[in-house]
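Chains as they are written, first to last, in the numbering used here: chain A, 1 to 290; chain B, 1 to 187.
Among the hints, a few may not be true.
Unchecked claim - Label-pair restraints from in silico Cβ distances: (1) B:E105 <-> A:T141: 32 to 40 Å; (2) A:K162 <-> B:Q104: 27 to 35 Å; (3) A:Y105 <-> B:N139: 22 to 30 Å; (4) B:Q104 <-> A:R220: 49 to 57 Å; (5) B:G158 <-> A:G267: 19 to 27 Å; (6) A:K69 <-> B:E4: 43 to 51 Å; (7) B:D9 <-> A:L286: 33 to 41 Å; (8) B:G143 <-> A:G276: 38 to 46 Å; (9) B:C29 <-> A:K35: 45 to 53 Å.
Everything labelled a hint here was simulated from the structure, so no lab data went into it. Each residue gets a CB set at the ideal place from its N, CA and C atoms; glycine is no exception.
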Amino acid sequence: MKQYAYYPGCSLESLATSYNLSTLEVAQKLGVDLKEIKDWNCCGATAYFPVDELLAHTLVARNLALAEKDGLSDFVAPCSACYKNAYFTNSYLKKDADLAEHINYALEADGLHVNGTMKIRHLIEVFIEDVGLDEIEKKITHPLKGLRVAPYYGCQLLRPRKDHENVENPQFFENLLSALGAESLDYPSKTRCCGGSLIVTNRKAALDMVQILLQDAVNRKADVIATTCPMCNVNLEVYQNQVNREFGTQYSIPVMYFTQLMGVALGIKPGKLGIGKELVSGEPVLAFAY
Amino acid sequence: MDTELSFNDEIANVMYATHGNPIKDCLQCGTCSGTCPAVEFMDHTPRVIIGLIRAGYKDEVLASNTFWSCASCYHCSVRCPAGIDIADMMYALKRYSMWKGQHQEGLIGPVFSESFVKMIVNSGRSFEPLLAPTYIFKNGPQGLVQEAQTATGLMLKGRMPLLPKKIKGLKKFQNMVRRIIPIGEPS
Chain A
1 MKQYAYYPGC
11 SLESLATSYN
21 LSTLEVAQKL
31 GVDLKEIKDW
41 NCCGATAYFP
51 VDELLAHTLV
61 ARNLALAEKD
71 GLSDFVAPCS
81 ACYKNAYFTN
91 SYLKKDADLA
101 EHINYALEAD
111 GLHVNGTMKI
121 RHLIEVFIED
131 VGLDEIEKKI
141 THPLKGLRVA
151 PYYGCQLLRP
161 RKDHENVENP
171 QFFENLLSAL
181 GAESLDYPSK
191 TRCCGGSLIV
201 TNRKAALDMV
211 QILLQDAVNR
221 KADVIATTCP
231 MCNVNLEVYQ
241 NQVNREFGTQ
251 YSIPVMYFTQ
261 LMGVALGIKP
271 GKLGIGKELV
281 SGEPVLAFAY
Chain B
1 MDTELSFNDE
11 IANVMYATHG
21 NPIKDCLQCG
31 TCSGTCPAVE
41 FMDHTPRVII
51 GLIRAGYKDE
61 VLASNTFWSC
71 ASCYHCSVRC
81 PAGIDIADMM
91 YALKRYSMWK
101 GQHQEGLIGP
111 VFSESFVKMI
121 VNSGRSFEPL
131 LAPTYIFKNG
141 PQGLVQEAQT
151 ATGLMLKGRM
161 PLLPKKIKGL
171 KKFQNMVRRI
181 IPIGEPS
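Extracted from the complex, chain B is given alone in its bound form:
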């Protein structure tokens, strides 16, 4: 029988390690929204997002900035009386929206994540200056000046290395990555 998955089930399917998480058990109590320290920066509160997912409002959910405003502090997750790991669900929504290429325009989050993964695949290590272009131009000229000043301060204090580090076993590391996501053939 050919059945189309509900949006609810699609989201549950991208929560592999937590076996789908019991989103369907949500009692709409709002503990998550009352707990969230970033809630005032979200288009919809976490409680509303779960309600929209349950009701199948896929476009509204994907168009919102809610999950990209989640800082992964997991306060909602430990307080949820229904045992839903809401922060993990926010990650699932990020993944889903990136796979579908459908997310609010102008957000830094998706670009930042993608650049971060590319950087790790190329070197095995994180190196802040390589990530800077994904966000420093987004907060206007004043923001750019502030970031530049902060970076200079850090460099003078010996807290900003000038050269990125690479792990030694990079080739084998990349072979490992290749077994999970396509990153092109070894050069």
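Looking at chain A on its own, in the form it has when it is part of the complex:
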């Protein structure tokens, strides 16, 4: 069985523990062998680049080097920000010998060397492309019949890559949700930004951006918003209450990781998927499967 280098990222050990739990459960169920990279460090999210570009790339490259050392070919990140950082540092390493030399000079002090030879994958790609929708569908025991899901891609899962099949109107998330038996909605703001780290650096702007996403989901009568990134999930879920106070709204819409929805449909017990850790209860979603 193929083994993948798994890079959980910092959020999956704190705010997004349910993403980590559900990822590991679903992976096991689907026969995807995730091997956690030993002693990985924070990838920097969006906060290193304003300080030093070379440092930002080097910190990402350290994780790539650790994964390369394990002799694995695929680097898998469930967080879109980690994924985007790994994807681009890796591609620059291949294209830019000068940058690679600078990075490797620094890595040498940590006893490491990076080649940029790994294939960088987001977790959702691994499930869709490597396991395949047919295979997933075969294992569904609790189809999410009648569940109206807003598929929220967010930003960095798709951008700034330009080589996606369709960066403006992708369909793969919808297809996955359909395979789970759910009703995938035409969600117009599916690739609109949630505000990311602006939630701490410019709260007003971020709450405004989150409000648009929530209203859009409500307009489509969504039962749940499905996410592929811990940052998006936190902004939409944890800050829903603060949006309500700011705008005088009464949103109470569950937000779940796509892996949690997969897990429910695959018959994994909700507690094992971290369901129950939300501030906006995800309980209503379960009624569709059971």
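Add chain B to chain A, keeping to what the hints say.
Chain B in isolation, oriented as in the chain A frame:
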């Protein structure tokens, strides 16, 4: 020959990995500004910022909050017909303004970034509670109460660890960092 770099070239120089990015190819079409989800919170739209950079209005650019309002969603970058990675350019402006120590007062962004990097250099991992002081006092007493309530909720749900994590190979990790930025000698 002694030539002074234009502001345009200085910014291009702090975009190392993207080889300067073709800022000079901007056609001022405004696709970036029309795309940006944070544009209404910016002093100048992204299109105007590029125009100001091209025209050499350094002080106006550095005094604006535009690049600190960018959420790095890269929507402008994939749509730009001239192929400019505008979000990356916003990062370059952040770096430039931090190096020069010249940015709008009262912004959380620069302080947050600096604290974040310090935290990573000290532990190798990110830990939200250590970053909180950089922003929780900035939104008034009501904002502080809301943040405290949110944090309590998260803690009760087991989503906020009480102790920061450290990577095992921290010493060697810091030696690696030392080859790029000065962080003092090992203690």
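* **Ascending list of hint numbers which this structure does not respect** => 1, 3, 4, 7 and 8
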